[in-house]
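Each chain, written out:
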Amino acid sequence: QKEVEQNSGPLSVPEGAIASLNCTYSDRGSQSFFWYRQYSGKSPELIMFIYSNGDKEDGRFTAQLNKASQYVSLLIRDSQPSDSATYLCALRGNQGGKLIFGQGTELSVKP
Amino acid sequence: DTEVTQTPKHLVMGMTNKKSLKCEQHMGHRAMYWYKQKAKKPPELMFVYSYEKLSINESVPSRFSPECPNSSLLNLHLHALQPEDSALYLCASSWPGLEGQPQHFGDGTRLSIL
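As given, the protein sequences belong to chains Y and C, one line each in that order. Going left to right, the first sequence walks through residues 1 to 111 as the numbering used here numbers them. Going left to right, the second sequence walks through residues 1001 to 1114 as the numbering used here numbers them.
Be a bit skeptical, because a hint or two may be false.
[Said to hold, decoys possible] Partner residues aside, some chain C positions facing chain Y, computed with beta carbon under 8 Å:
no.	residue
1	P1043
2	P1102
3	Q1103
4	D1107
[As the list claims (entries may be wrong)] Rough simulated footprint, nothing fancy, chain Y against chain C, three-plus residues with beta-carbon under 8 Å:
no.	segment
5	1046 to 1056
6	1086 to 1096
Derived from the structure by calculation, the hints contain no laboratory data. Since we're looking at a predicted model, the values are computed, not measured. Note that the Cβ used here is the ideal one computed from N, Cα and C, for glycine as well.
All chains, please: the whole structure from these sequences, using the hints.
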């Protein structure tokens, strides 16, 4: 079992819809979780981070964490074509701040 | 503006060349990282420096040699690379050891080995 699992997609949503990106993880001791957005040919850009159970909102983005069920999700409201990118879920490993990434979910927002 | 600056943006080198990748961060962070990313794959950690000391080496071949001259600079020295080393090389920085503190990435250096 991979440490961090994401559906690779592509996930296709119409413009204006809610995009829901999901991530599960295997290490119950994980404490910190991150969502990065990566456009093709560019570097990862931090979107959200969360370390408490519940929801964390920032503009159109909401991160949700459920440690009991070992999943973290990212909701994008009012999706725009400019949100089309690969979204990487990551958690902070126990060793020296190492980030453990999922394989990424490709999101396509259709006008 | 990117607060983690990487140079050069692109690098083409032969297998016998020696070159260096440079990274500078202006965020006051004390941990810096090198990642390698191949197309359609997530970043893979190579090295971690914490307070200017190498704390993690993910079994990277010796043809990659990291150096951290001070808390804001990180270099990656390259020698005798192979074609499979062609990739996007990413530098990142963060506060070490603090939960919830994210890593911030530079724009990367796209490396091509001929």
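Results for each hint:
1. The closest approach between the C-beta of P1043 of chain C and any C-beta of chain Y is roughly 6 Å, which is under the 8 Å cut-off, so the hint is satisfied.
2. With its C-beta approaching chain Y no nearer than about 5 Å, P1102 of chain C sits inside the 8 Å limit, and its interface hint holds.
3. Interface hint at Q1103 of chain C: satisfied, since its Cβ lies 6 Å from the closest Cβ of chain Y, which is below the 8 Å cut-off.
4. A least Cβ separation of about 5 Å between D1107 of chain C and chain Y falls short of the 8 Å threshold, and the interface hint therefore holds.
5. For the segment 1046 to 1056 of chain C, the stated coverage by chain Y is satisfied: 4 residues place a CB nearer than 8 Å to a CB of that chain, which reaches the threshold of 3.
6. Taking a C-beta to C-beta cut-off of 8 Å, the segment 1086 to 1096 of chain C contributes 4 residues in contact with chain Y, enough for the three needed, and the coverage statement holds.
The structure meets every hint from the earlier list without exception.
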